[in-house]
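J.: Sequence:
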Amino acid sequence: MTLRPSFLAAATCAALALAGCSTGTGAADRQSAGNSAPSNAAYPMKASFCGQEVAVGREPARIIGAGREGVANIVSAGAADRMVARFGEHGALYGPRIEDELKSLSGIEEVASGGGEDHGSISFERVLELQADMIYGSALGEGDLSIDNLANNGIAGVMPPSSCAYAFSGAKSDFADLDAIPAHIRELGALLNTGERANANASAMEADLAAAREEGGRLPELKAAGLYYWDSSDDLFAYGANSTIQGIFDAARLKNVVNPSYDAMFNGAISPETIVKSNPDVLIVTTGESGITLEDSLARLEKIPGMTQTAAFKNKRIIELPSGAAYPTVEAIDAARELVKKLAEQ
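Those letters in the sequence shown? Residues -27 to -1, 1 to 319, per mature numbering (1 follows the signal peptide of the UniProt record, and there is no 0), in order.
Hints listed in this document are in silico derivations from the structure and should not be mistaken for laboratory results. Yeah, the Cβ is synthetic: ideal placement off N, Cα and C, and Gly gets one too. Some clues are possibly wrong.
Quick list of the computed label-pair ranges, beta carbon to beta carbon [what the hints assert, rightly or not]: (1) A214 with R99: 35 to 41 Å; (2) E102 with S142: 30 to 36 Å; (3) G190 with N122: 45 to 51 Å; (4) N240 with A15: 39 to 45 Å; (5) S142 with A272: 47 to 53 Å; (6) T266 with G190: 30 to 36 Å.
Listed below are the simulated DSS-like cross-link pairs for lysine-lysine, each with C-alpha atoms no more than 25 Å apart in a straight line [said to hold, decoys possible]: (7) K314 with K287; (8) K228 with K196; (9) K314 with K228; (10) K314 with K276; (11) K76 with K196; (12) K196 with K289; (13) K250 with K228; (14) K276 with K145.
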């Protein structure tokens, strides 16, 4: 078991009564009753992650969400109304829990982003123009968006611990640990002084995850492969042992046939023949990013020699999950419940 790094470390400071005021317009000015109440948090605080330590001098009021994980976690932590911009989301829609909240807000600048290599980013000039006091999420850490450069410009750059492995050499992340998702939401809520809503959402996640595991425990153990296409090419990608999909498989009693050491971020596309040879009982196909649909994915899979002869194809056990299931957010927990339900119905 990998121990989660301590995300918060309180600095010595008296509690400050901060209202999170700003001169900007839009999302950051819509302070709800919960967020505009006098702060009971002690600032400055320190966010510790990936061997980094970032000082947060005051209650963040103008936050930029970086990547799907960043945006989803800000919403789950109860701070969606403080977002002034979002970027690097790969163009896919979120599930209802996140999407409904985002649609209820106006004034959040969305940097258009496609899938594949075109992740979408935000210029540093725009970051400064937005007067952001924090950028939170996975899509930062390099160039102008490096932790040090942000700090030099009075902006706290904070990453979720799950992003460490891809951002810093030698760092590790346990993506399969779904329990880490609500735990981090509680930590993020403490950092943003939105603890009441963050804790309520985290408790709901924990209850849903427990229910998925209980229901999944009654299912027969089956062999499975989690697959996806990233762009218009025929390159096939999969989910190994260190993936959020693995955590979902564990809840549903699915045995992953993909080599445990495989990681698409480091290893690239997987050999389709290895999937065919493993003859999975179930295929889990994630869709949504780059506009890729299940129909499109199946059309490509059917072209792979021998794929239609696998048990999954023969028994029509091909299950679609949204691409958000692959990110360590509330969407992974929602996907675990959805997958267990679909397997029980087959």
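J.: For every hint, state whether the structure bears it out.
T.: Here is what the structure says about each hint:
With their beta carbons about 38 Å apart, A214 and R99 fall inside the hinted range of 35 to 41 Å. For the hinted restraint 30 to 36 Å between E102 and S142, the CB-CB distance of approximately 32 Å keeps it satisfied. Distance hint for G190 and N122: a CB-CB separation of about 48 Å, consistent with the stated range 45 to 51 Å. Hint check: N240 to A15, Cβ distance near 44 Å, so the stated range 39 to 45 Å holds.
The hinted window of 47 to 53 Å between S142 and A272 is violated, with their beta carbons roughly 39 Å apart. At roughly 32 Å, the beta-carbon separation of T266 and G190 lies within the given 30 to 36 Å, and the hint holds. Distance restraint check for K314 and K287: the Cα-Cα separation of roughly 21 Å lies within the 25 Å cut-off, and the hinted pair is therefore satisfied. Simply put, K228 and K196 have alpha-carbon atoms about 5 Å apart, close enough for the 25 Å limit, and the pair holds.
With a CA separation close to 17 Å, the supplied pair K314 and K228 stays within the 25 Å bound. The straight-line distance between the Cα atoms of K314 and K276 is roughly 29 Å, outside the 25 Å bound, and the hint therefore fails. For the given pair, K76 sits about 38 Å from K196 by alpha-carbon distance, which is inconsistent with the 25 Å threshold. A threshold of 25 Å between alpha carbons decides the hint, and for K196 with K289 the separation of about 14 Å falls inside it, so the pair holds.
Among the hinted pairs, K250 with K228 is consistent with the structure: their alpha-carbon atoms are about 15 Å apart, no more than 25 Å. Distance check on the hinted pair: K276 and K145 sit about 36 Å apart at the alpha-carbon level, beyond 25 Å; violated.
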